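Novice: Sequence:
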Amino acid sequence: MSGFVFKQFKVAQTRSAMKVSTDGILLGAWADLATAQRLLDIGTGTGLLALMCKQRKSSMAVSAVEIDGNACADAQQNFANSPWPDIRLMQKAIQQVTSEIKFDVLISNPPYFNASLKGEDLARNTARHTDSLSFSELLSAFKNLSHQNSFFNVILPCPEAQLFIAQAQRQGLHLVRHCLVNTTKAKVPSRSLMCFAYQAEPCEQTSLTIHAEGGQYSDEYIALCKDFYLKM
1 MSGFVFKQFK
11 VAQTRSAMKV
21 STDGILLGAW
31 ADLATAQRLL
41 DIGTGTGLLA
51 LMCKQRKSSM
61 AVSAVEIDGN
71 ACADAQQNFA
81 NSPWPDIRLM
91 QKAIQQVTSE
101 IKFDVLISNP
111 PYFNASLKGE
121 DLARNTARHT
131 DSLSFSELLS
141 AFKNLSHQNS
151 FFNVILPCPE
161 AQLFIAQAQR
171 QGLHLVRHCL
181 VNTTKAKVPS
191 RSLMCFAYQA
201 EPCEQTSLTI
211 HAEGGQYSDE
221 YIALCKDFYL
231 KM
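With the first letter of the sequence shown counted as 1, position 63 gets the number 63 in the working numbering; the numbers rise by one all the way through.
Worth flagging that the hints you see were computed from the coordinates, not collected in a lab. As the structure is a computational prediction, the values presented were derived from the model and not from experiment. Treat the hints loosely; a few may be bogus.
Unchecked claim - Here are the simulated lysine-lysine pairs, DSSO-like style, with alpha carbons at most 27 angstroms apart:
1. K57 to K7
2. K102 to K92
3. K57 to K185
4. K92 to K19
5. K57 to K226
As the list claims (entries may be wrong) - Here are the simulated distance ranges between beta carbons:
6. A223 to A73: 28 to 36 angstroms
7. K143 to K92: 12 to 20 angstroms
8. G3 to K92: 20 to 28 angstroms
Positions of the beta carbon are idealized from the N, C-alpha and C atoms, including for glycine.
Let's have the full structure, built from the sequences with the hints guiding it.
Specialist: Below, the structure written as C-alpha cells:
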C-alpha cells in the first residue's frame, strides 16, 4: 500500500522503510499533550506522529527529526500536503540535535530490535534496530532537549519496555503513565504505551484491548482513535 488516508490528512509512504502501523496510531492518539506548547517527534519516519499530534493540538509548535533521507522525503511531502505545513522537519540523527528552547513533550516510536537477524534492506534495519539509536541514547536525547516539567511518550513491545523503564530509572526519570495493550482479551499484552517525567508521581496504570470478540475494533480503541480513522 502506497499511502494511508486519515480523516484530516494523508500519509504517503512509498519511500519510508517503516509504514503506518497500529503502534504509531496508538501512541499518537494516547500521548499526553495537555501541557505541550512545543513538541518534538523523534524518528518521525512518514511524519505520522507529528501529524497526529498537530491535529490534536494545532496551537503547538511541532518539530520532527529523521535520519533517513527517503523517510524525510515522505514526511516533507506529508507535512506540505497537510493542513499544517508549518511542521518543522530536520534530517539528522537525534544525537546531533540541539535546541536552546526546550521541548515540553517529546514522542517516539523507536527502533527496538537488539539482536534479531537483519535483512538486506539497510533503511529498514536502521528504522527497526537499536544500532543507530540505543535506548540509552534516546533517553539522553530527551534529557538534552527537555526541561524539568517535560514529558516523554514512547511505545515499545512489552519485553523491550521493561528494559527501557529500567534504563529510564537509571537516568533519573519516572514512569507516570503506563498502558498495557493487547490485541484481544484472550491474549497477553504485547505493547506498552509509556509516559516518563522528571517528577516522581504515582503511575497511572491502564489497559486497552484493540479488537472485540467478533474481530471488530473494541469500543475503547474506537474511543481513542475515532478522530483519525477514516471509517471509524
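Novice: Is K57 close enough to K7, meaning Cα to Cα at most 27 angstroms?
Specialist: Holds, at roughly 15 angstroms.
Novice: Decide if the proposed pair is consistent with the structure: K57 and K185, CA atoms, cutoff 27 angstroms inclusive.
Specialist: Distance of about 32 angstroms is beyond 27 angstroms: violated.
Novice: Run the distance test for K102 versus K92: straight-line Cα separation, threshold 27 angstroms.
Specialist: holds (18 angstroms)
Novice: Evaluate the given range 12 to 20 angstroms for the C-beta pair formed by K143 and K92.
Specialist: Taking Cβ atoms as reference, K143 and K92 lie about 18 angstroms apart, which means the hint holds.
Novice: Taking the Cβ atom of G3 and the Cβ atom of K92, is their distance within the range 20 to 28 angstroms?
Specialist: holds (26 angstroms)
Novice: Next pair to validate is K92 with K19; report whether the Cα-Cα distance is within 27 angstroms.
Specialist: OK: K92 and K19 at ~20 angstroms, within 27 angstroms.
Novice: Can you confirm whether the C-alpha distance between K57 and K226 stays at or below 27 angstroms?
Specialist: holds (16 angstroms)
Novice: I want to verify a distance hint. Is the separation of the beta carbons of A223 and A73 within 28 to 36 angstroms?
Specialist: Holds, since A223 and A73 (Cβ atoms, about 34 angstroms apart) stay within the stated range.
In summary, the structure is inconsistent with hint 3 from the numbered list given earlier, while agreeing with all the others.
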